[in-house]
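Once you've looked at the hints, dock chain X against the given chain W.
If you read the protein sequences in the order shown, they are chains W and X. Take the first sequence: its position 43, counting from 1, is numbered 43 in the working numbering, and each next residue is one higher. Take the second sequence: its position 96, counting from 1, is numbered 1096 in the working numbering, and each next residue is one higher.
In short, the hints are calculated from the structure, not lab data. Warning: the hint list may mix true and false statements.
[Unchecked claim] When the alpha-carbon atoms are kept at most 16 Å apart in a straight line, the in silico EDC-like pairs for lysine to aspartate or glutamate are as follows:
#1 X/Lys1042 / W/Asp38
#2 W/Lys83 / W/Glu62
#3 W/Lys9 / W/Glu24
#4 X/Lys1102 / W/Asp38
#5 X/Lys1002 / W/Asp59
#6 X/Lys1045 / W/Glu103
#7 W/Lys9 / X/Glu1043
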Amino acid sequence: DGGITQSPKYLFRKEGQNVTLSCEQNLNHDAMYWYRQDPGQGLRLIYYSQIVNDFQKGDIAEGYSVSREKKESFPLTVTSAQKNPTAFYLCASSSGGVSSSYEQYFGPGTRLTVT
Amino acid sequence: RKEVEQDPGPFNVPEGATVAFNCTYSNSASQSFFWYRQDCRKEPKLLMSVYSSGNEDGRFTAQLNRASQYISLLIRDSKLSDSATYLCVVNRVGYSTLTFGKGTMLLVSP
Chain W
1 DGGITQSPKY LFRKEGQNVT LSCEQNLNHD AMYWYRQDPG QGLRLIYYSQ
51 IVNDFQKGDI AEGYSVSREK KESFPLTVTS AQKNPTAFYL CASSSGGVSS
101 SYEQYFGPGT RLTVT
Chain X
1001 RKEVEQDPGP FNVPEGATVA FNCTYSNSAS QSFFWYRQDC RKEPKLLMSV
1051 YSSGNEDGRF TAQLNRASQY ISLLIRDSKL SDSATYLCVV NRVGYSTLTF
1101 GKGTMLLVSP
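One chain only, chain W, in its complex shape:
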């Protein structure tokens, strides 16, 4: 079964700790994305990657970091510098590469709560 997996589904952390969210896809997609969704809000783009070993900041990259060492994997680290990290984090992938805007497919998401 092809798809996108995110783990864990729920994550709890203490303030001041860094935390890494996992995202894996076996769709052979080139592009991967991280979004954040807050209650009553739309999806906001954090980071995206169109190709291995390259990534770009989205609209709200401050306090986050990513890596893209493998085509299948795009982990997101929420650092202690992120002021309001509690949110629903969604990973997506797309077959589109540079200069294209193909439909994106989402993983089930990770709900992060920081107290």
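Only chain X this time, still in chain W's reference frame:
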């Protein structure tokens, strides 16, 4: 003007009703348009792409009006299972990314 704007709703309709949502976008150079469906506390799922000529998938019809910069989604014969938030999505011109609207909530009642 926001990049993608939608009426948040909720739209309350009885089963069997026909309901339509509109969405406006700000950049006339946009080329890719989609409707996604998001159930409560779940991930968005692609409902359909929107083509210039309009397209239909069962009970769902999507239309694009480039002159007025809006897209629409029509749902016929609403089912209880259609209750969800519908997200309007447009490509961000000059980037290989998408911009998501905040969504329109639909509640279908028996």
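Going down the list of hints, with the structure as the test:
no., hint, result
1, X/Lys1042 / W/Asp38, "holds, 13 Å"
2, W/Lys83 / W/Glu62, "holds, 9 Å"
3, W/Lys9 / W/Glu24, "holds, 13 Å"
4, X/Lys1102 / W/Asp38, "holds, 11 Å"
5, X/Lys1002 / W/Asp59, "holds, 14 Å"
6, X/Lys1045 / W/Glu103, "holds, 10 Å"
7, W/Lys9 / X/Glu1043, "holds, 12 Å"
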